Amino acid sequence: MKNKFAILPLFLLVSFVIAEAASAADAIKKPIVPGFERFSKDKDFDQVQLGLLLLGELNCTSCHDSGSITKGLIQSKQAPLLDKVGGRIKPEYFESFLSKTHEVKPGTSMPQVNLGNTDQEKQANAKSLAHYLAQQAGANEKLNFDAKQVALGKTLFAQSGCVACHAGRDQNAREISNVNNSVPLGALESKYTVASLANFLDNPHQVRPSGRMPAVLKDKKECHAVACYLLQGAKSSTKAAKVLNFEYYEGSWTKLPDFSKLKPISKGTASDFDVEVAQKPNNNAIRFEGWFKLQSAGKYTFHLGSDDGSKILVDGKLVIDNDGIHPHTVVSKTVELYKGEHKVEVGIFDGGGDYSLTVEIEGNNLPRQPLSGICSIDEKTAEASGQTPKPETSSQPTVFKLDTDLANKGRDLFASVGCANCHALNQNNKRIPAMIKGPDLLKLRAETGCLSENPQGKSPNFALDASQKTAIALALKHLATNPQSPDDKALVNKTFLSLNCYACHQRDKIGGAEEIRNTSFVSTQPEMGDEGRLPPALTGVGAKLNPDWLKQVLEQGTKVRPYMMTRMPRYGSGNVIHLVKALDKADPIEPVDAIQFADSAAKVKSSGRQLVGSKALGCIKCHTFNNQKAEGIQALDLVSMPQRLKRDWFQRYMLDPQPFRPGTRMPAPWPMGKTFFDDILEGNTKKQIEGIYVYLSAGTKASPPEGLSRESIVLVPDKEPIIYRNFIEGAGARAIGVGYPEKVNMAFDANSLRIALIWQGAFIDAARHWRDRGVGYQPPLGDNIVTFPAGPTFATLSSEKENWPTITNKEQAGSFLSYKTDDSGRPSFQYKYADVMINDFSVPTKNKEGGFSRTLTLESKSPPSQLFLRAAVGTKIEEQKDNWFLVDGEYKFRLPGVKKSILRESNGKKEILVPITFENGTCKIVQEYSW
Amino acid sequence: MKTIFTLTIFSICVLLAPISMAADPLPTEEDYYKIVKFEIPKDVVLEAGAIELTTDNKLFVSSRRGEIWSIENPFAKDPAKDAKWTRFAHGLHEVLGLASKDGWIYATQRGELTKLKDSNGDGKADIFQTVSDAWEINGDYHEYAFGSKFDKDGNIWIVLCLTGSFNSNSKYRGWCVRVNADGTFTPTCSGIRSPGGIGFNSLGDCFYTDNQGPWNGTCSLKHLLPGSFQGHPDGNKWFDLAKEAKLAGPKPETPKSGSRMMVEAQRIPQLMPPAIYFPYKKMGQSASGIDFDKSEGKFGPFQNQLFVADQTNSTIMRVHLEKVHGRYQGACFPFKKGFGSGNVPVMATKNGHLFVGGTNRGWGSHGNKPFALERLDWTGKIPFEIHEMHAKNDGFEFTFTHPIDPKTASDIASYKISTYCYIYQSAYGSPEVDFTYPKITSAVVAPDNKSVRIVVDKPVAGHIHDLTLAGVRSKDGLPLLHPEAYYTLNYIPEAGK
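As given, the protein sequences belong to chains A and B, one line each in that order. For the first sequence, our numbering assigns the number 1265 to the last residue and increments by one with no breaks. For the second sequence, our numbering assigns the number 504 to the last residue and increments by one with no breaks.
No lab work stands behind these hints, which were simulated from the structure alone. Any given hint could be a false lead.
[Stated by the list, open to error] Derived coverage of chain B by chain A (criterion: at least 3 residues anywhere in the stretch with Cβ under 8 Å from a Cβ of chain A; other residues may be distant):
{"no.": "1", "stretch": "98-112"}
{"no.": "2", "stretch": "169-178"}
{"no.": "3", "stretch": "367-373"}
[Said to hold, decoys possible] Label pairs and their calculated CB-CB ranges:
{"no.": "4", "chain 1": "A", "residue 1": "V1109", "chain 2": "B", "residue 2": "E251", "range": "50 to 58 Å"}
{"no.": "5", "chain 1": "A", "residue 1": "F1252", "chain 2": "B", "residue 2": "E251", "range": "28 to 36 Å"}
{"no.": "6", "chain 1": "B", "residue 1": "G387", "chain 2": "A", "residue 2": "K893", "range": "57 to 65 Å"}
{"no.": "7", "chain 1": "A", "residue 1": "D933", "chain 2": "B", "residue 2": "P410", "range": "48 to 56 Å"}
{"no.": "8", "chain 1": "B", "residue 1": "E79", "chain 2": "A", "residue 2": "K893", "range": "51 to 59 Å"}
{"no.": "9", "chain 1": "A", "residue 1": "S1162", "chain 2": "B", "residue 2": "E79", "range": "28 to 36 Å"}
{"no.": "10", "chain 1": "B", "residue 1": "E251", "chain 2": "A", "residue 2": "A1124", "range": "24 to 32 Å"}
{"no.": "11", "chain 1": "B", "residue 1": "N127", "chain 2": "A", "residue 2": "S940", "range": "18 to 26 Å"}
No experiment lies behind these values; they were computed from the predicted model shown. No residue lacks a Cβ here, since even glycine has one placed at the ideal position from N, Cα and C.
My request is simple: use the sequences and hints to build the entire structure.
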């Protein structure tokens, strides 16, 4: 491989690598059936079942008559319907896919069809078929690539459930190749347009009716976003992204200079290790720096080519020294690298003449390719930025021209080579009939026909590997014994295998999230642990769920766990509806005797309500109720329970949840079957459980239990001020709110040492912080809220022109010392800035407008010079009568007793500064506010 | 499977019934320890965060709503009637630590340690002085700060919960720090996740409880040895900062997720394995406040043992520690259930009482009151309990609070044992894993009938040893009040020790 590349001209190599990279999983040829891939490695797993799975997934019965074989043993996957396929799939794709099926779409269950006896004939027939398929035109709405949708698409792909079966894209938009048991997507960009892919995602069952690809996305918008995410690798996208930092130097050298001793002429970002960033052709040097991420540890070879000298350092260590004056020379070296992020630095200089640089990497599943392709500007951008490649519209114009003669030829081939056996395609409202008939399924023999090493004649080539052939052989042997149709448990297992339900759900110790995908299952509430993030285990689910609910879940998906990001997708009713009955029968539950209440029906209901409320079991502390939030975690809505859960199951589960859901955080509300509440429903546990079930059975009409609503807690200062230290919006995490009986309020920020807010009227509603866990910042409750700009109250400036400092950490602001309350409970704040002790005391003014009079007393043994108070900041500061200044028309202030103040422009705003002058180590300033 | 569950559940119910109906009922916890309730003044929401008793026998109780109340007559026979309540302070930020010294009350708030004083003698604090604000908060509700009493060197120990209990997004989140009365700040241990309480044992060593979550398979009691790493790696990002502040020793390596605690502890010398795991559900679900019995017998037979609260279960658990291989480990036992709300702070007093404060806001509890202040008093009767449990090279030794019946105590059928541990992982919590079911090969009762030595084939280092002594009877024929014992066997003692 290496040698072959070496003699290719560079430009060819690059284009080859890009084409190759598009199908990262190039090693895979065999059909990937996720259930088979995952469980065939498990020695204890029933291999016959896996063989039957393959017979269904490869749709063997479309050529091989299954005769008397009992229904249900094989659940066949129908091939995509090809009506209007020309509108869905790019015409160029057909020919390449038909001639190199397994190469173009790795892992496909479509076999390589033998299209002729000679290569020439094969080529010609592929072309004809391609034209025929392209002729099956269909319309797509107009939908273009939108780089802004990529990030959303990425999130949806990662979190809604796509990654349960597929692998995501790496930072260069290439399909990640090392996620086991993934159904490869292949080079989607050569197959779909954004519009056609979005359309497919919106309703996959329209063309793939067997439901193996479920519908997981909510609406067209989401489909568009995921399509943009999956197709972002189209064309020259990686070229457009800036993936490297560079510094540019000028000088005359014969060897690489020591960059640490030089000052760059300029700095910037580049999309490649390319000398084009140089500002002139000769006598300069460039230092590139970036990060790349390796998906696996191992040996990697770097190829560094340059004219003149260059060096490459990885993680600070010199890997290749290609220094000195020379023509373009490539030096290669292999090093051992760990999995993960690596820093790369490349230096190059030019002493005159030609100037060039190539940096490539190869090894450990990475074909030789430009290193820049996997680089990013820093360690984090790769994950965070969601690069913005060029829109698809900038690609080359379509070259495909439909040839009707070829299409007519293709139509005949469609039946004669066997396409029609699997694919439905209607001509004049009639499906094109199959013309090929293989031997009956029960007559098949291993190592012949499709199962032979090199299938010949009409036998298509599925590229099965040895384990697949063995499993199929076992299944055929089993079928020959004329087995009975599967029982309910087996039927469920079969469906779970073929639809890959096991990717997300565990049932009877089979399946569940695979370790490599486990972290993709996320929750909006990490505190709920695995219960909040992993789709529920389905062991005993037939005993648990009401058939009507199960039907709804299977047909329409569900979102009863709003905190779980992974969605239950839709598989198409016909593919799953049999599970309703099968699960109900497979998981029986022993009935719990009917309960005779001594109380009236109304009393039973109200007792249930009492139990759910905060003064009894407090279910609403963790469970939402009719969409109203719980105090703590937001577990499943209580009013959905009877709709979902069988009554017998509910009775048993409530007694002891652990055996049903091992590890659940749901406590046993009746530990050891005993009640805490002897006075409710005769203190009888079963009656109490039933009472809750009856009460909740009213669903959304159930009247809310006690303790549900978050009533406000308005703090009203009556005789004395109320102090409220908490998270106050606009005043920071260490805010000290003060509400005065005079109906003026303020919030002091103890981190930045300033009054952050003043407002009038009502003080604050403490319910946010005092009703439940206390999430988030609470804004003031009253009116006329004045928000003072950020920044310290005092600062030393080198001159009156210097900008007022901004604070990035609380130490810069000075230190907060204390507050003291006077006899009326009014606080004065003490803090220190630059050896100056400041006492900051505000009292409400008595005038009818309302306001504060603030006294700042400063003391210092070694007063700093050039200390200023910033009295006001605003876009507009107007002087008014009685020495008042109006700031932005919002509030007024004045500085009685202050002899000198400075009005200045700074940072585009007007400011009033007061220079501080100490007398006998003290200084006192009064500032009055009115608004 | 389903039928088996059903049978178990209902057979338990059936079994319980005749016991409670028997003519001579077995003693219950109430016979030995009684919960005495305080009546909290109307309109006061005392979601208790911390408790301190000052030298003049005033009880100070802080609340999550930022108030501090002082209570006179806290030892009154009927405090509901005789205790006198005064609001000492308000407006503070969720106070979860109270201590006192030289006339000052020290309150650990979310963002700082503050000392308060009533300088004019009107019963209300008027000076609120910041002692240290060297750590930070960012507005995340989970960034709690739990503070201890003063240690013998004059430090308050503070454990700082992570941001959202998963990450460390503010300075020193995920750390234990010490603050001296003069404000000297010393970063002390990293690796904290979500503490529920902090306190000392009788020797003055500091412990805290951490809760089930990432890197914490279940709730546990951990020893805050200065320089140690308590297991959650996210706070280690502040290590350079801590080094500047004179924390000794190198930054610990990041543990491998999915491993086991003792495997990682072999590899990472700073990693401190929990002294006690509280098996999830079996013991509790939210371990919180800690204190030790300092009453010299006035609180019953458990001198110097630790009492640890559980918020979800509204219980107090009992812990006996010993040192093996230089590190604390030991056993936990159920002790007292039935408190009014979700227990958070506890304070044991020298005169033999245990004050317990409760809140269930945001986290539900078995005790269904939204908040409570209670006092646990000893009735003077000694319950038949396991007194101490010691690990031996080949098993365990139990001592008891009453002489035992040698016949039942030497019968190996009186004992049941299983062992398990937890996955040490970045994901939330862990199931119990790696189960073993060793055999108890002998049970030998000491000549004085006060202890029994069991030989186990064989103990598993790094596992919780879950024992039930259901068959053991006292000399008077009583079963153990609590037959369960859970020993955290991080290390197996060498033979002969």
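Go through the numbered hints given earlier and state which of them the structure violates, listing their numbers in rising order.
Violated: hints 4, 11.
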